[in-house]
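My request is simple: use the sequences and hints to build the entire structure.
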Amino acid sequence: MALALFSIFTQTAWLVPIYPLLAAFASLAWSPGLISRTGPRPSGYINLAMALLALIHSSLALLADNLSTASAAAEGATAIPLSWTWLSTAGLSIGFDGVISKQALLAMVIITGLHVLVQIYSIGYLEMDWGWPRFFGSLSFFEAGLCALVLTDSLFISYVILELLTLGTYLIIGTWYNQSLVVKGARDAFLTKRIGDLILLVGLIAILPISGTWSFQSLGDWASSHAGPETLPAGFGLIVIALIAGPMGKCAQIPLHLWLDEAMEGPVPSSVLRNSVVVAGGGWVLLKLQPLIAISPLAQGFLIVVGGASALAGAVIALAQVDIKRAFSFLVSSWFGLVFVAVGAGGGTAAEHLLLVYPLPMALVLMASCSVLVTNITQDLTQMGGLWSRRPLMGLAFLSGAASLMALPPFGAFAAIRELLALVLTGTNPALLGGLVLLTNALISAGLVRVFGLIWGGRPSLFTTRSPEVIWLMVMPTMVLMGLVLHLPQLYVGYGVLALTPLPGWGPLALPLLASTLAGAGLSALFYLRPHRQAELPSGLGGLQQWLAADMHTEGFYRRTVVALVAGLARLSSRMDQGLTDGFSSLTGEVALEGGRRLSLTTSGRSQAYAFTILLAVLLMGAWLLASQSLLPFVPLP
Amino acid sequence: MPSSSLLLILVLPLLGGVLLPLLSGVQVPRTKLITASIPAVQLLITLLIWLHPPADLTLAWVPQLGLNLDLGVDGLSLPLMLLAALLTVVAILASAEDQARPRLFFPLILATNLGLMGAFLARNALLFVLCNELMMIPITLLLAIWGGKQRVGAAIRFLMFASVSGLCLVAAVLALGWLNGNGFSFAYADLAQADLSPRSRGWILALLLLGFGLKLPVVPLHGWQPLAYSQASTPVVILLSGGVCKLAAYGLLRFGVGFLPESWASWSVWIASAGAASAIYGALNAIAQADMRRMVAYSSLGHMGLLVLALAAATPLSLQGAVAQVLAHGMIVPLLFIVVGLIEAKTGTTTIADISGLMNPLRGLPLTMTLLLMALMASAGVPGQAGFVAEFLVFQGSWSAFPWPTLLCLVASGFTAVYAVRLFNRVGFGRLDNDRVDYPTTSWGERLPAVVLSLLIVVGGLWPPLLVGWSEPATAVLSLRTDPFTSTLIATAPLPTLATTSR
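Residue numbers (the numbering used here), protein chains in the order written: chain A, 1 to 638; chain B, 1 to 503.
Since the hints were made in silico from the structure, they are not lab data.
Be a bit skeptical, because a hint or two may be false.
[Said to hold, decoys possible] Far from chain B by the CB rule (all over 12 angstroms, computed), these chain A residues: (1) 180; (2) 195; (3) 377; (4) 429; (5) 439; (6) 483; (7) 545; (8) 547; (9) 568; (10) 586; (11) 614.
[Unchecked claim] Straight-line alpha carbon distances no greater than 25 angstroms define the calculated DMTMM-like cross-link-like pairs of lysine to aspartate or glutamate that follow: (12) A:102 - A:323; (13) B:149 - B:354; (14) B:346 - B:97; (15) B:149 - B:56; (16) B:149 - A:590; (17) B:149 - B:97; (18) A:184 - B:433; (19) B:149 - A:582; (20) A:184 - A:380; (21) B:149 - B:446; (22) A:102 - A:221; (23) B:346 - B:190; (24) B:346 - B:438; (25) A:184 - B:435; (26) B:346 - B:291; (27) A:184 - B:446; (28) A:184 - B:354; (29) B:149 - B:98.
[To be verified] Here are a few chain B residues that sit away from chain A, every Cβ distance over 10 angstroms (derived from the structure): (30) 15; (31) 145; (32) 267; (33) 288.
A virtual CB, placed ideally from N, CA and C, is assigned to each residue, including glycine.
The structure is reproduced here in structure tokens:
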């Protein structure tokens with residue numbers, strides 16, 4: 001009985017995205033200034049309340065699902081289908097077809113839980129800000145979009161959500177819109193992600209005539225019936241690559257990685273959520289596409305190249321960043337590079353686990369380091385240091401998050417990275433890909449320890465000697481998150497997500513993996529935990545520091561190529577248009593004027609003559625009509 | 001509804017136009033309300049007609065010429081009549097509170113409305129052409145008397161292009177009627193089964209394409225459009241961009257696809273290419289503009305390219321997309337012009353580089369900026385708004401017939417985002433210029449037209465039947481190709497099978 005009552009929460013889990021969506025719309029009342037008497041704060045509280053409601057509902061739904069799974073024999077017996085038609089015309093029917101599954105519920109709990117914590121954090125972070133309605137409204141918009149994304153089973157709806165989130169990114173980065181770097185960051189984020197989205201749109205338009213469906217489930221069935229490459233239509237690999245472009249943009253993979261770094265100009269809480277759950281949304285869509293990718297060797301190779309390049313380059317670039325937030329943004333690209341490699345190597349489970357262990361620790365390291373950033377007024381890593389004696393709690397939180405992002409038992413990421421290593425070692429080219437995973441892990445570890453050393457290690461700097469206390473609204477959610485992150489492996493094992501407990505099941509791959517972590521983290525500690533450490537790479541490496549700090553000059557490359565091409569084409573067509581319209585019009589104008597002049601020679605120029613001509617024509621016409629017409633005008637015809 | 005309701009739709013603006021000049025001593029706001037009530041009643045009648053369709057009405061006029069007052073509605077004309085009536089209301093409400101020469105201005109607006117409604121109601125090609133020509137006069141006057149500094153030049157240029165277009169259409173329609181082997185008639189029902197030689201079909205289609213292409217407009221026939229759109233006053237440009245140009249789209253669908261299917265199908269590669277060229281060209285030019293009005297003008301040119309692509313593909317889905325694009329774009333472009341007009345009224349300029357930071361909640365124009373962002377995103381095809389539904393249907397419907405032009409149009413859609421973001425980044429974002437921040441706020445009266453259109457655009461995006469629910473049977477009959485996925489989809493989803501007749 002209690003179970004049946006409980007299962008209502010699971011059956012109505014589709015309500016979860018609705019709560020934050022309502023809150024986002026409610027914020028509109030404050031945003032363009034319709035309500036101004038209350039000040040902006042009520043809008044923030046409404047959003048927080050709705051986020052809390054969404055968390056409670058999704059947690060109860062997950063709990064009920066677990067209880068019913070425990071009582072039912074079969075796993076996944078509780079997957080509840082949803083269907084709602086949006087558009088149906090000319091034989092095409094599109095709807096929000098979704099499934100309330102265990103994974104979706106778990107993902108929703110992570111999303112809504114993080115949103116609750118981050119919204120509390122935001123109240124502290126944006127204490128004096130007047131952009132509350134737009135900011136909190138955008139956060140809720142993201143929450144709604146992500147929850148809907150994990151519920152839907154439709155590629156089309158996933159595209160719609162990704163595209164809407166692109167717009168959301170533009171708005172949320174633009175919160176402080178009067179700063180020029182913010183404006184530029186918002187623009188670049190919108191355009192880069194839109195490129196990915198549009199290529200995804202091409203892919204989904206092209207795949208419908210072939211597969212006849214956009215449902216991920218049916219696409220999977222279709223793919224399994226077309227296992228041989230000879231049964232696939234021509235160009236199929238390209239279509240799958242087009243579909244991958246959407247996740248590529250969202251997950252900031254090379255060459256669409258530029259935006260995430262610039263997006264760091266937005267407020268910290270949005271960066272926390274973006275780096276943890278929003279990018280994971282792209283990964284989620286990629287996972288859903290896995291059956292299609294698995295039958296296209298071209299797409300698999302593409303994923304491994306893109307993912308491998310992003311994993312390595314991201315981790316290396318992160319080592320040279322002097323801005324705290326930017327250092328993390330490149331680590332995000334690097335981590336999702338690993339996810340791409342996992343999907344490319346055919347490991348859906350490994351990729352899923354990489355996605356599941358990632359959001360909470362990433363959010364934690366950002367929240368911990370950015371709390372310090374606020375109180376010390378700088379986000380320049382070279383100006384920080386010695387905070388272990390002043391802000392140890394945040395240091396501990398950072399260390400917990402960092403440990404959970406590198407392959408270090410018993411923390412969260414260890415099991416997932418080990419699965420990935422095992423996967424690539426059984427595939428083609430095990431030496432290269434295995435080396436790539438180990439090296440990336442070492443570099444990510446080094447990057448995380450570097451940030452820790454620069455902020456908390458060494459001696460205090462001018463900015464950190466009088467480091468003030470962090471406001472409790474920021475400390476409290478960080479501490480709660482730290483507790484969750486530390487218990488993450490147990491929670492996942494308890495819920496049956498991770499099959500192995502990390503400690504006993506070390507296996508033969510554990511040693512090289514642990515060695516890579518210790519090597520990366522240890523070397524980094526040697527270099528950055530010293531009292532007189534350097535934030536920058538050794539000068540013996542030549543201009544490498546500069547080159548990496550500037551993201552390998554990617555932005556300049558784009559400015560010289562893509563942007564210059566579009567701007568040049570626009571200028572060219574504008575010049576052409578001037579010639580075309582003005583030239584054409586003046587030519588016809590001259591013809592008309594000349595015609596008029598010639599015509600004027602045939603008349604006397606007296607108005608009586610004109611009037612007479614018109615009258616004569618009207619009379620003649622009337623006479624002809626009367627003479628030939630037997631019917632009166634305006635009578636109904638048979 | 002009785003058939004006379006069709007006639008009433010035409011009589012109302014005619015009476016209004018004749019009687020309004022007699023109203024002396026009435027204040028402008030009241031004149032506005034009185035005038036707006038006429039298209040509002042039209043809107044109501046049209047909705048009633050949709051609920052209870054009347055029989056066609058045929059009144060004799062000049063039978064020797066084949067010109068009868070054949071009036072009727074179907075799935076193609078009804079949504080466009082709703083749009084035309086709505087836009088007339090919006091245009092009247094969007095006119096200035098101190099509108100100069102109201103007793104001439106408002107009757108001319110009603111005359112334009114009369115021409116539009118007449119053309120949509122016509123079931124006789126000659127009547128259609130007559131209404132189309134009739135509209136040219138008030139529009140030229142509206143352009144020439146009210147508007148920017150170069151308004152006279154804009155009006156003359158418009159008149160020149162419109163005359164050429166009109167001549168082509170008259171010639172095409174006369175040829176359609178006279179060369180018909182089944183006997184001389186201009187009634188749509190007869191023209192749909194016209195017996196024409198392939199050679200004359202080709203010539204007639206060429207004339208129709210030129211005539212409607214000039215009106216729509218399509219590159220390179222768009223010479224009048226940037227100047228006219230940038231010089232016209234807001235109410236005039238609403239009617240021009242949302243009504244008059246959409247009449248050309250309707251004409252292409254009704255006459256080109258409907259009456260000359262064989263020629264249309266054999267020329268469709270070229271038509272689709274012209275559409276793709278328009279889309280790319282319009283979007284690229286919009287990126288290069290320094291003036292907001294001209295940017296919107298070129299953006300409109302680009303969106304008309306998508307429409308032409310959809311008409312060329314002529315699958316059931318692409319034609320649905322074309323109708324949706326007419327309706328969506330018929331609301332989005334007027335909204336953009338209204339918002340730009342509001343910005344101009346408050347800041348005194350439409351030069352993009354001169355304004356910044358208008359998002360400021362206290363000293364800027366926050367609500368206007370919200371509307372601008374919405375309109376720009378709708379025009380860029382971001383989901384959740386009407387523009388996305390239309391563009392997506394166009395792309396999906398045209399893909400199987402013309403993959404390369406569709407791909408080019410998708411690239412153009414990417415360029416749309418570039419100018420949208422460029423404009424908003426400059427105007428909405430950035431620092432407010434302290435030297436010129438004493439902007440008066442907008443009143444609810446000024447906001448109302450924009451708010452109404454915005455709401456409809458969002459409703460259309462969330463609930464697509466608003467855009468595609470009218471015309472499905474009509475476009476299914478007109479379609480020349482089938483969609484490749486229809487068979488597979490119908491096998492999986494229980495949908496009503498449509499008459500996807502391919503002729």
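Hint by hint, here is what the structure shows:
1. 180: About 7 angstroms separates residue 180 of chain A from the closest Cβ of chain B, which leaves it inside 12 angstroms; violated.
2. 195: Non-interface label fails for residue 195 of chain A: nearest chain B Cβ at 6 angstroms, not farther than 12 angstroms.
3. 377: Non-interface label on residue 377 of chain A holds, nearest chain B Cβ at 22 angstroms vs cutoff 12 angstroms.
4. 429: The claim holds: residue 429 of chain A sits with its nearest Cβ about 34 angstroms from chain B, beyond 12 angstroms.
5. 439: Non-interface label on residue 439 of chain A holds, nearest chain B Cβ at 36 angstroms vs cutoff 12 angstroms.
6. 483: Since the minimum Cβ distance to chain B is about 38 angstroms, residue 483 of chain A lies beyond 12 angstroms and the statement holds.
7. 545: holds, 32 angstroms
8. 547: holds, 29 angstroms
9. 568: Check fails; 10 angstroms does not lie beyond 12 angstroms.
10. 586: Violated, because the least Cβ-Cβ distance between residue 586 of chain A and chain B comes to about 10 angstroms, which does not exceed 12 angstroms.
11. 614: holds, 16 angstroms
12. A:102 - A:323: violated, 38 angstroms
13. B:149 - B:354: holds, 19 angstroms
14. B:346 - B:97: holds, 14 angstroms
15. B:149 - B:56: violated, 45 angstroms
16. B:149 - A:590: Measuring from Cα to Cα gives roughly 22 angstroms; hence the hint holds.
17. B:149 - B:97: holds, 20 angstroms
18. A:184 - B:433: holds, 18 angstroms
19. B:149 - A:582: Holds: residue 149 of chain B and residue 582 of chain A sit about 17 angstroms apart, inside 25 angstroms.
20. A:184 - A:380: holds, 20 angstroms
21. B:149 - B:446: Holds. Residue 149 of chain B to residue 446 of chain B sits at ~23 angstroms (cutoff 25 angstroms).
22. A:102 - A:221: holds, 21 angstroms
23. B:346 - B:190: Not satisfied, since the Cα-Cα distance of roughly 53 angstroms exceeds 25 angstroms.
24. B:346 - B:438: holds, 9 angstroms
25. A:184 - B:435: holds, 24 angstroms
26. B:346 - B:291: holds, 16 angstroms
27. A:184 - B:446: violated, 32 angstroms
28. A:184 - B:354: holds, 18 angstroms
29. B:149 - B:98: Given pair residue 149 of chain B, residue 98 of chain B holds - Cα atoms ~19 angstroms apart, limit 25 angstroms.
30. 15: holds, 16 angstroms
31. 145: Per Cβ check, residue 145 of chain B is outside 10 angstroms of chain A; nearest 20 angstroms; holds.
32. 267: Since the minimum Cβ distance to chain A is about 23 angstroms, residue 267 of chain B lies beyond 10 angstroms and the statement holds.
33. 288: violated, 4 angstroms
Checked against the numbered hints given earlier, the structure breaks hints 1, 2, 9, 10, 12, 15, 23, 27 and 33 and satisfies all the rest.
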